[in-house]
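Chains as they are written, first to last, in the UniProt record's numbering: chain A, 1 to 234; chain B, 1 to 236; chain C, 1 to 268.
Calculated directly from the structure, the hints in this document are not laboratory data.
A couple of the hints might just be wrong.
[What the hints assert, rightly or not] Covered stretches of chain A, as calculated for chain C (at least 3 residues, CB under 8 Å):
1. 43 to 52
2. 95 to 105
3. 192 to 199
[What the hints assert, rightly or not] These stretches of chain B come out as covered by chain A in the derived footprint (C-beta under 8 Å, 3 or more residues):
4. 32 to 45
5. 166 to 177
Think of the CB as a built atom: it goes at the ideal place given N, C-alpha and C, for glycine as much as any other residue.
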Amino acid sequence: MSDLWGGLTQAIWLLVTLDADLVEISLRSLQVTLTALLIASAFALPFAAFLVVRRFRMRRMTIAVLNALMGLPPVVVGLVVYVFLSRSGPFGVFGLLFTPSAMIIAQVIIIVPLIASIAHQSLRELWGDYHDLLISMNTTQFQRIQALLWDGRRALLTAALAGFGRAIGEVGAIMIVGGNIDHATRVLTTAIALETGKGDFALALALGFVLIALAVTVNLLIHRLSHTESEGRW
Amino acid sequence: MQMFPLEARQAIVRRKGKVLAGPIDLTLQGQGVTIVIGPNGAGKTSLLKMLHGIARLHSGSLEWACPTVEARKRQSFVFQRPVMMRRSVVENIAYPLRLIGVAKAEARQRAQEWAVQVGLGHALKQQATLLSGGEQQKLALARALIRDPAVLFLDEPCASLDGRATREIEEILIRAAANGTRLIMSTHNMGQAQRLADEVIFVLHGKIQEFAPADQFFTGPETKQGRAFLRGDIVE
Amino acid sequence: MKRTLIGAIAALSLTTASFAEEMKMAVTTSFHNSGLSDVLLPAIQKDLGLEVQLLVVGTGQAIRLGEAGDVDAILVHSKAAEEAFLAGGYGTHRREIMYNDFVLIGPMEDTAGVSAAVDAKEALQSVATAEAVFVSRGDDSGTHKKELSLWASAELHAEAFGDWYTSVGAGMGAALNTASGMNAYIMADRASWLNFGNKGSLALLFAGDPVLFNQYAYIPVNPEIHAHVKSDLAEELETWLVSDRAKALIDGYKINGETLFVFNAVQQ
Numbered sequence: 001m002s003d004l005w006g007g008l009t010q011a012i013w014l015l016v017t018l019d020a021d022l023v024e025i026s027l028r029s030l031q032v033t034l035t036a037l038l039i040a041s042a043f044a045l046p047f048a049a050f051l052v053v054r055r056f057r058m059r060r061m062t063i064a065v066l067n068a069l070m071g072l073p074p075v076v077v078g079l080v081v082y083v084f085l086s087r088s089g090p091f092g093v094f095g096l097l098f099t100p101s102a103m104i105i106a107q108v109i110i111i112v113p114l115i116a117s118i119a120h121q122s123l124r125e126l127w128g129d130y131h132d133l134l135i136s137m138n139t140t141q142f143q144r145i146q147a148l149l150w151d152g153r154r155a156l157l158t159a160a161l162a163g164f165g166r167a168i169g170e171v172g173a174i175m176i177v178g179g180n181i182d183h184a185t186r187v188l189t190t191a192i193a194l195e196t197g198k199g200d201f202a203l204a205l206a207l208g209f210v211l212i213a214l215a216v217t218v219n220l221l222i223h224r225l226s227h228t229e230s231e232g233r234w
Numbered sequence: 001m002q003m004f005p006l007e008a009r010q011a012i013v014r015r016k017g018k019v020l021a022g023p024i025d026l027t028l029q030g031q032g033v034t035i036v037i038g039p040n041g042a043g044k045t046s047l048l049k050m051l052h053g054i055a056r057l058h059s060g061s062l063e064w065a066c067p068t069v070e071a072r073k074r075q076s077f078v079f080q081r082p083v084m085m086r087r088s089v090v091e092n093i094a095y096p097l098r099l100i101g102v103a104k105a106e107a108r109q110r111a112q113e114w115a116v117q118v119g120l121g122h123a124l125k126q127q128a129t130l131l132s133g134g135e136q137q138k139l140a141l142a143r144a145l146i147r148d149p150a151v152l153f154l155d156e157p158c159a160s161l162d163g164r165a166t167r168e169i170e171e172i173l174i175r176a177a178a179n180g181t182r183l184i185m186s187t188h189n190m191g192q193a194q195r196l197a198d199e200v201i202f203v204l205h206g207k208i209q210e211f212a213p214a215d216q217f218f219t220g221p222e223t224k225q226g227r228a229f230l231r232g233d234i235v236e
Numbered sequence: 001m002k003r004t005l006i007g008a009i010a011a012l013s014l015t016t017a018s019f020a021e022e023m024k025m026a027v028t029t030s031f032h033n034s035g036l037s038d039v040l041l042p043a044i045q046k047d048l049g050l051e052v053q054l055l056v057v058g059t060g061q062a063i064r065l066g067e068a069g070d071v072d073a074i075l076v077h078s079k080a081a082e083e084a085f086l087a088g089g090y091g092t093h094r095r096e097i098m099y100n101d102f103v104l105i106g107p108m109e110d111t112a113g114v115s116a117a118v119d120a121k122e123a124l125q126s127v128a129t130a131e132a133v134f135v136s137r138g139d140d141s142g143t144h145k146k147e148l149s150l151w152a153s154a155e156l157h158a159e160a161f162g163d164w165y166t167s168v169g170a171g172m173g174a175a176l177n178t179a180s181g182m183n184a185y186i187m188a189d190r191a192s193w194l195n196f197g198n199k200g201s202l203a204l205l206f207a208g209d210p211v212l213f214n215q216y217a218y219i220p221v222n223p224e225i226h227a228h229v230k231s232d233l234a235e236e237l238e239t240w241l242v243s244d245r246a247k248a249l250i251d252g253y254k255i256n257g258e259t260l261f262v263f264n265a266v267q268q
């Protein structure tokens, strides 16, 4: 209990004084996760729309695999990315291991199935509504995907935010591929793991509270942005 | 370009092994208003979708006087339950123009004009999904007419509307027909059929029972079922 | 909205741009948890303009990182593993830098009577005799290997121990947390113990036997195997690590008034 209380007061203190290390690792957390989110969404959302409008033989299979991959264990993703990026691995020449890029790659792999799967669920509903109309209007496959992505943007935002939540709170994979290097690849979650290892529970908790606050803030901010947009001029 | 006549030969639409419409043999010429009537479940919707080309033919053929690709570009379809895209009224109406590459500003301008024509001038920026049933159907009409189609299919467009909305929609349809748009429309409102029809197709069990000029059908149907239907009897 | 997001990300990316020279070094948890790295790294940065990025792992993993060429040098403390590393041609040479010592930690009441032992061998034997709960790192780290070798020299076989011997497969901090939670015996390096914040009812019970000394050695990764390693930076760092400046910092590093490391590099 004293740890909890100490963590809370320490969190407030760190925030109020804008502790330099805290700001740095928080920004890095945001940078890594938002970049990963952007890249993942760029893949996952059109792919989800494609799965909805296009009938092909392996479609059901693909969707089932996608849903299963939602539960991809981050540690395994981290390990696989590690092996690929290691100097003695196939992509070793790029020297990406233990850099923020490696963390972004791991996070993208973790959240693409999640975002695609959630987006697919909601777009399928929308496609149910639109199907007859868009077929009747003689739309191309591409135009259908466009219409679904645009008109389904609210639901897609929810999918993206789910991806954000999973990525920002993830520790297993980025610990392995990032290495938790101070001033280079240390982010909130790996810092929490480190402080826990040192037995400094109060600081670990403080960082945890900051992490939660950050996630909530980003969610609120994005919802606010999307809201004002929908009420703006057409 | 000459689209008509439209010829259906032994055309059949099936779904899950069940015949929804057909075999259909039909030749439609290029003028006037064709009304499709028949009891619920007779296959009116399937027939319209078959003619429009959005229901895949199981067998038989459907041929326009021009290549099908060209014909598809010049027809629109208004559904019984209008499909509202989750956008504003203007964006909904402009959408078919945007699809064929009309610039945003021009598409929007023309959509506004159409919105005003169908009586939606007050709701341009409103979300389409929030419109009343009658307003939604007017929007669907404007959206279907904005590309100035040669053929307009309508599947019971007034099925759930009140008298006033029905009259407003009929006025729009009459105007469109007067401008040379070929209308092919199903209804089970006999009054509406009599007000609008130049020719009548009577459908039962997925097959065309009668196809005749309107005055001929309404004064003396050739089939027993046609007479029973006109009397208001239940036809099975 | 998209533009705002992209702008924000661009702004964030700028904050990480860095122009200093940098190299990666794998070090053991015990070295990092001691807090010594927080003293040495800024000094290195200041003296050499070199940013040393630390990968804090167990000795086993540090050696794997060196073998794979994912780091430029390693600083570890497990002589047998280091010599195997050199024999495999992965490192250029081994340079001893400093040592610290291991200590035995256990519950204050010391049910096994470890504190009365005359040497490390007897201390471990008393734990085994009492079958008092003992937490082992179990992660193939230098500390773990040292612990196993101590059991062996006490003529005991760790793999034959009963349930009281708890192998956690974790780093020093996590293992200490476990020991604290179970009120168990554990072997730790002195630095990690002093810096550990969650001591609970644990206490230092035994220390001082020379067999508990823990030699740290620095090994640059061999550029003949991994052409991309920054061997010139690794050499610069080595020169600094054996300098008088490093000697003063290492010998002068204290926690609660206790000296933790003893500089013992052979200087030219």
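Status of each hint after checking the structure:
Counting residues of the segment 43 to 52 of chain A whose beta carbon lies closer than 8 Å to any beta carbon of chain C gives 0, which falls below the threshold of three, so the coverage claim is violated. Under the rule that three or more residues need a Cβ within less than 8 Å of chain C, the assignment of the segment 95 to 105 of chain A holds, with 4 such residues. For the segment 192 to 199 of chain A, the proposed coverage by chain C is satisfied: 5 residues have a C-beta within less than 8 Å of a C-beta in that chain, meeting the threshold of three. Taking a C-beta to C-beta cut-off of 8 Å, the segment 32 to 45 of chain B contributes 0 residues in contact with chain A, too few for the three needed, and the coverage statement is violated.
Requiring three or more residues with a Cβ within less than 8 Å of a Cβ of chain A, the coverage given for the segment 166 to 177 of chain B is violated, as only 0 such residues are present.
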